[in-house]
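A.B. asks: Go ahead and model the full structure; you've got the sequences and the hints to work with.
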Amino acid sequence: MDAMTGRQAIRGHETLPHTADVGLRGWGSTMAVAFEEAALALGELTAEVAEAGRGGHMLDERIELAAGDLVGLAYAFLNELVGLIDLYGALRDTHLSEIGPSDDGWRLRGSARFLPYDGVGVRRRAEVKSATYHGLTVDRLDAEWTMTAYLDV
Amino acid sequence: MSRPATGRPPALERVDEVTWRIARDERRGMRTDGIVYADETLVASLRGDPSLEQVANVATLPGIVGSSLGMPDIHWGYGFPVGGVAAFRRDGGVISPGGIGFDINCGVRLLRSDLSVADVRRHIARLADALFEAVPSGVGSRLGRKLSAGDLDAVMREGAGWAVGRGDAWSADLERTEEGGALGGADPSTVSPRAHARGADQLGTLGSGNHFLEVGYVERVLDNNAADAFGLAEGMVTLMIHCGSRGLGHQVCTDQVAIMDRTVGRHGLVLPDRQLACAPLDSPEARAYLGAMAAAANFAWANRQLIASHARGAFARVLGRPAESLGLGQVYDLSHNIAKFERHEVGGEEVDVCVHRKGATRAFPAGHPDVPATFRAVGQPVLIPGDMGRASYVAVGAEGSMRRSFGSACHGAGRNMSRHAALRALRGIDIAAQLEGEGIVVRAERRDLLAEEASLAYKDVEAVIGTAEKAGLVRAVARLRPLAVIKG
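Those protein sequence lines, which keep their order, are chains A and B.
Just so we're aligned: the first sequence equals residues 1 to 153 in the working numbering.
Just so we're aligned: the second sequence equals residues 1 to 488 in the working numbering.
Hints may contain errors.
[Stated by the list, open to error] One-sided excerpt, in silico: chain B residues whose CB lies under 10 Å from chain A:
no., residue
1, Gly79
2, Gly98
3, Phe102
4, Arg198
5, Asp255
6, Leu276
7, Arg343
8, His344
9, Glu345
10, Thr374
11, Arg419
12, Arg443
13, Arg446
[Unchecked claim] Residues of chain A placed beyond 12 Å of chain B at every Cβ, according to the derived structure:
no., residue
14, Ile10
15, Arg11
16, Leu40
17, Glu51
18, Gly56
19, Ala67
20, Asn79
21, Ile85
22, Asp103
23, Arg113
24, Arg123
25, Thr132
[Unchecked claim] So the derived label-pair ranges between C-beta atoms look like this:
no., chain 1, residue 1, chain 2, residue 2, range
26, B, Asp228, A, Ala50, 50 to 56 Å
27, A, Pro17, B, Ala377, 44 to 50 Å
28, A, Asp60, B, Ala233, 56 to 62 Å
29, B, Asp370, A, Gly100, 49 to 55 Å
Keep in mind the hints are simulated off the structure, nothing from the lab.
All of these numbers come straight from a predicted model, not from anything done at the bench.
We put the CB at the ideal spot given by N, CA and C, even for glycine.
C.D. replies: What follows is the structure in C-alpha cells.
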C-alpha cells in the first residue's frame, strides 16, 4: 500500500492467512507483472536471503507453459516454480516475456532465477507442497491485474 | 467445469451427541448427506470454517456411496477437507487426487522399546541431538546422495520392503505396516521426470511443516488387552515418526490434478470446486493416477522405514547397546492420505468401493481380515498424534467404524489456527525454551518458526479422541507424553 494515499501501489505482493497453510497475492499494471509479483511472494515465503547471500551465482531457468485457461496457466506457473525451488534454490525473480491466449488456451514464456541454498546467507523457510486451485484467481479491475493463490505447506 | 458455491455455510442438524448432518438438500447437486463427527466444542470451532462447505462439495461427486464424512479433527483443506472420508462405487464412481492430498501416504509410524523414562531421561538431550543428526530434517531436506533411476523405481515398486535387503528393516516391520509397506499396482512410468528428480535425494528425510520425530513415553494405559497386543506398557519409551512422500509425492499430486482438470469436461463432470478435479475410476486418467499414487505411497513407506532404521541407530549409539537389545520394535505404521479399494457394506450389500482418506486413518476393528494376524483379536492400531506440548494417543479400531466411517478415524488433533495467526499470537515467545521448561527437549531446523506448530495452533486432542470414541470409531489404548521433539 502507498502510505500517503492508502491505495495499492502499481505493483506489489502480500501473503494471506489460511487455517493450515498460507496464501499469496500479486498485483500490477499488466498480467505479466501480477504473475511476476505472485512469484516474488512465493520466493519470500519459501526462502530468506540475507545480505551475505545476495552475491551468489544465480541459476537461470527458462519457463514455457501452456494451459487450457488463464487460471490453469496460473496453477501451472506457480507449481513450475514450486518444483524448481525444491530442486534449485531460493527463487529471486521471474521475467515473463510473453503471456496471453493461444490457439488452444493460454501460454507463457519467460525465465526464473534461483540462488542455491547455502544454509547461511540463503536459507529455506517454508516447504510448499503445491499451489492449489482453491481460491486461485486472475482478475482485472480497471487498470490493475491481480493473482490470488493458496498454497499447501 | 466448476460451479460456484452459494456463500452461505451449510446448516448442521444434530443427529446425536457427536454426529451432525448436512442434509443433501443443503446444496444443489449433493447426491448424499454429509456427516461430521464432532462434540460441542469441535463444532463451535467449525463455524465459519470452509471445511463444512467442502464436506457438502464432496457429496456432489458421482458414484459416492454412504455419506460424505468429516472426522473429529476436520479442518479446511483443498478440495476435500482434511479429515475427510468418502467412498465411491467402482462402477460409476470417481477418483480425486484432492481426496488423497498433496502429501501422498503421509502417515505415522510408532516404535516401542524396553526402555523406561528413567533409562532415557539423563540421555535425552544427546538422544535428541543424535536423532536430529541422523535424520535430515527441515525444508527441502536431502540426503546428500542421489538414488539411481533404477533404485528409485525399485523403491516406488517395493516400498518398505526395498529396505529389507539393505539391512534397514527388522523382520516384523513389514507385517506391522499397513499393506505390508507396499501398495499393489505401483507404476513408476506414470510418475513424471520432475517427480523423479525431486525424490531422488529425499529418501530417508523428514521434511518440514507438521512433520516430526517424537521420543515419548506411555503415560497411561487405557485398554490393557489392546496395549498388551501392541507391546505397550506404562512408563515405556516410544518413538513416533510423522512424514510422507516428500517432493516426489507432492509433484505426483500436482501433476495429476492438472491432468484431471483438463479432462473433467470430456468426462461430463461438473464440479463445485476445481480442486476436486477427478476422473471416472474406469478411465485412463484414473488408472494413471492410481499407478502413480501407489508409487508415491510406496516411496513414503520406504521413507519412514529408513527413518526408523536411522533412529534405531541413533538410540543404539547414545545408549551404548544394539537397537535389538533396546527392544525398539515396531508397533505399527499407517497412512492417513491414501485411496484404497476395499469391501464395505452399503445399503445391506457388500460392495467394492474406492475409499478416499485425506487426513484420516484406516481403523479396522477386531476380526477384520486386513488387520495383521498379530492384532486381529483386538483390532488395528490407530496412531493419533496430538501436538508437541501435550499428548498423543494410540487407539484401536472399533466396530462402529465399519458402520459409520468406512473403517476410518481421525488422524491427529487438527489445526484450529492459521500459521500466520499462531506466529502473531506467540510473537516474542521462545517456544523451545517454554517446552524445555516443561521437560520436553526440542531440536528444530528453524526455532523461530516453532510457533506455527505450537499447542495453541491445534485443537485439543482429548476432545478429538473423546468424540471418536463416542462415535464408536476407535477405543483409546494408551496416552503418550513427549520427552523430545525433532522438527523440520
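A.B. asks: For every hint, state whether the structure bears it out.
C.D. replies: We went through each hint and held it up to the structure:
Contact between B/Gly79 and chain A, as hinted, is supported at the beta carbon level, the nearest pair being about 7 Å apart and thus within 10 Å. Interface hint status for B/Gly98: upheld, as the beta-carbon distance to the closest one in chain A is roughly 8 Å, under 10 Å. Nearest Cβ of chain A to the Cβ of B/Phe102: about 4 Å, under the 10 Å cut. The hint holds. Hint status for B/Arg198: holds, given a least beta-carbon distance of 5 Å to chain A, under 10 Å.
Taking 10 Å as the C-beta contact cut-off toward chain A, the hint placing B/Asp255 at the interface holds, the least distance being around 9 Å. Against a cut-off of 10 Å between C-beta atoms, the interface hint on B/Leu276 holds, since the closest Cβ of chain A lies about 9 Å away. Interface hint at B/Arg343: violated, since its Cβ lies 31 Å from the closest Cβ of chain A, which is beyond the 10 Å cut-off. The criterion of a C-beta within 10 Å of any C-beta in chain A is not met by B/His344, whose closest approach is roughly 29 Å, and the hint is violated.
Below 10 Å, beta-carbon pairs count as interface contacts, and B/Glu345 has none with chain A, the closest being about 33 Å; its hint is therefore violated. A distance limit of 10 Å between C-beta atoms decides the matter here; for B/Thr374 the minimum to chain A is near 34 Å, and the interface restraint is violated. Look at B/Arg419: its Cβ gets to within about 6 Å of chain A, closer than 10 Å, so that hint holds up. Hint status for B/Arg443: violated, given a least beta-carbon distance of 16 Å to chain A, over 10 Å.
The interface hint given for B/Arg446 is met, as the beta carbon of that residue sits about 7 Å from the closest beta carbon of chain A, less than 10 Å. Remark: the non-interface label on A/Ile10 is consistent with the geometry, its nearest Cβ contact in chain B lying 26 Å away (cut-off 12 Å). At roughly 23 Å, the least C-beta separation between A/Arg11 and chain B is larger than 12 Å, which holds for a residue marked as non-interface. With 12 Å as the threshold on Cβ separation, the claim that A/Leu40 sits away from chain B holds: the shortest Cβ distance comes to roughly 18 Å.
For A/Glu51, the condition that its CB be more than 12 Å from all CB atoms of chain B holds, with the nearest at approximately 18 Å. No beta-carbon of chain B is positioned within 12 Å of the beta-carbon of A/Gly56; the least distance is around 16 Å. Not every beta carbon of chain B lies more than 12 Å from that of A/Ala67, the smallest distance being close to 8 Å; the non-interface claim is violated. For A/Asn79, the non-interface assignment is contradicted: its Cβ lies about 5 Å from the closest Cβ of chain B, within the 12 Å cut-off.
With a minimum CB-CB distance of about 8 Å to chain B, A/Ile85 fails to clear the 12 Å threshold, and the non-interface call is violated. Distance check for A/Asp103 against chain B: the nearest CB is about 15 Å away, which clears 12 Å, and the non-interface claim stands. Even its closest Cβ contact with chain B, about 18 Å, leaves A/Arg113 beyond 12 Å, as expected for a residue assigned away from the interface. With 12 Å as the threshold on Cβ separation, the claim that A/Arg123 sits away from chain B is violated: the shortest Cβ distance comes to roughly 8 Å.
At the 12 Å boundary, the C-beta of A/Thr132 falls inside the reach of chain B, the nearest C-beta of that chain being 4 Å off. Separated by about 54 Å at the C-beta atoms, B/Asp228 and A/Ala50 satisfy the suggested range of 50 to 56 Å. Range check, A/Pro17 to B/Ala377: Cβ separation about 47 Å, and the 44 to 50 Å hint holds. Checked against the given bound of 56 to 62 Å, the beta carbons of A/Asp60 and B/Ala233, roughly 59 Å apart, stay inside it.
Distance hint check: the CB atoms of B/Asp370 and A/Gly100 are about 52 Å apart, consistent with the given range 49 to 55 Å.
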